Amino acid sequence: MALLSKKDANLIKDPLADNNPITIQVLGICSALAITAELKASVVMAISVLFVLGVGNVVISLIRNMIPSKIRIIVQLVVVASLVIIVDQVLKAFAYELSKTLSVFVGLIITNCIIMGRFEAFALGNGPWRSFLDGIGNALGYGVILVIVGFFRELLGSGTLFGIKVLGDPVTKTGLYSIGYENNGFMIIPPAALIVVGIIIWVQRSRNRALIEEA
Amino acid sequence: MAINTEKNSYTVLFAVLMVIVVGSLLAFVASGLKPKIDENERFEKQQNILYAMGVNNNEGEGDVAFIPTTEVEDAFSQYITQQLVLDGSEAVEKENAYLIDVQKELAKIKSGEKAELPLLIGEKDGEKFYIIPMYGKGLWDAIWGYISLDDNMEIKGVYFDHRGETPGLGANIKQRFFMDDFKGESIMDGNTYTGVNVAKGNNDPLNNDKEDNAVDALAGATITGNGVTAMIKESLKLYKPYLQTIRTN
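First to last, the sequence lines map onto chains A and B.
Going by the UniProt record's numbering, the first sequence opens with residue 1, and the numbers climb by one from there.
Going by the UniProt record's numbering, the second sequence opens with residue 1, and the numbers climb by one from there.
Rather than coming from a laboratory, the hints here were simulated on the basis of the structure.
Errors might be hidden in some of the hints.
Said to hold, decoys possible - Taking lysine-lysine and the BS3-like style, the derived pairs with C-alpha atoms no more than 25 Å apart in a straight line are:
#1 B/Lys200 x A/Lys173
#2 A/Lys173 x B/Lys210
#3 A/Lys100 x B/Lys174
#4 B/Lys183 x A/Lys173
#5 B/Lys104 x B/Lys237
#6 B/Lys45 x B/Lys240
#7 A/Lys165 x B/Lys183
#8 B/Lys174 x B/Lys124
#9 B/Lys34 x B/Lys104
#10 B/Lys174 x A/Lys165
#11 B/Lys174 x A/Lys40
#12 B/Lys36 x A/Lys100
#13 B/Lys108 x B/Lys137
#14 A/Lys100 x B/Lys104
#15 A/Lys100 x B/Lys137
#16 B/Lys108 x B/Lys124
#17 A/Lys100 x B/Lys34
#18 B/Lys200 x A/Lys165
#19 A/Lys173 x B/Lys174
#20 A/Lys100 x B/Lys45
#21 B/Lys200 x B/Lys137
#22 B/Lys240 x A/Lys70
#23 B/Lys110 x B/Lys183
Stated by the list, open to error - Here are the simulated distance ranges between beta carbons:
#24 B/Glu59 x A/Leu211: 30 to 38 Å
#25 A/Leu77 x B/Thr248: 24 to 32 Å
#26 B/Glu59 x A/Thr172: 15 to 23 Å
#27 B/Arg247 x A/Thr172: 33 to 41 Å
#28 B/Ala27 x A/Lys13: 49 to 57 Å
#29 B/Glu59 x A/Lys70: 32 to 40 Å
Since we're looking at a predicted model, the values are computed, not measured.
C-beta: ideal position from N, C-alpha, C; glycine also.
Here chain A stands alone, though its shape is the one from the complex:
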């Protein structure tokens, strides 16, 4: 027996590639630019969004028939904001170190357009289980891009991965640096993320021509 029906499985699979929130729907770009200078930050952000989007989608889906349409955006905002605050408080109490890493992203999660986008586009019209899958799928799709961008930016910009010097020491000139390699400082500033995301979009669309929009 398959764990998920084909239709449900597509809710997870689609956002990973052909309907990726960042590269196809072009949502969540702001945080993708802001926090991908380091791989660790990218991973933490991806996990946080995974949680907030998964739970948020279920909550919105459960109350979808009760939400007055006139104030539905505000209701969605309240749900995201409260979830984020609760997560933040719980982490501060029980995983203090992690909460310090996360502190700067908490605000960014609330403003992440993917979350509001999925609430509005999916959770308001679908049941809790499918909404949950949709949330997980989109968060994973977002996370994958974040990790790819973070990988390249940290590697090329700082010569490290997860803070570990993988290319040698730039100051004492060991490893690659001994033969004249230099870190590219441009990679750690936000515009570099735009270029990396652009390259990902390019690669993705040249592999799957169906994604190219008619001009």
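Keeping the supplied structure of chain A fixed, place chain B upon it in accordance with the hints.
Okay, now just chain B, sitting in the frame of chain A:
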């Protein structure tokens, strides 16, 4: 559904109920977790203070390892021998002075009120450390830290932290390679209290020159670096009357 969700009265009712439910939920969570959070924050302060005086679990190159939270309270009472608050050039003992919120005290000074400036004295291997808390601003948000001096006004160690500096750039002020650079620098230039400059174009990336009152800046984090420079300078200025009395050189 029998309810008409489009009616104004329903919308208002929904909004009111939502605010009440969410508000009490958040208040409940916050007050339930507060003691635990306060304790974590206290331990963190103790860890940071001990780190600045070189009591830490650093092993490998580049890691910043504190005394574990389970032991920090004992270590703190072992190494910190005196907790003082400044009163002009005098220092009087005060219990738990390390918990004083430096940000609030600095605000008091700005508005001309009397402030309590905490100062800790630590002892390790017969050496005396004067530990001063600092508070300032970086690019996005607050930065703070501790600096420990000996009676020669030489820096024995620092600890920096920040609320929202950019990961990979300004956030690196709390990296070992940056904080270690301060060790051995003097805050004095002759007879004036200059502090330590986070300098660009220092031409001293390995920080061999300990006489220049400068450490190498972080690339791409100019404003955070300037914030650190200003924070050290401003904080030391407030402690100058007291430092004059203990200075030996």
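Task: Earlier hints that do not hold, by number - done: 16, 22, 23, 24, 25, 28 and 29
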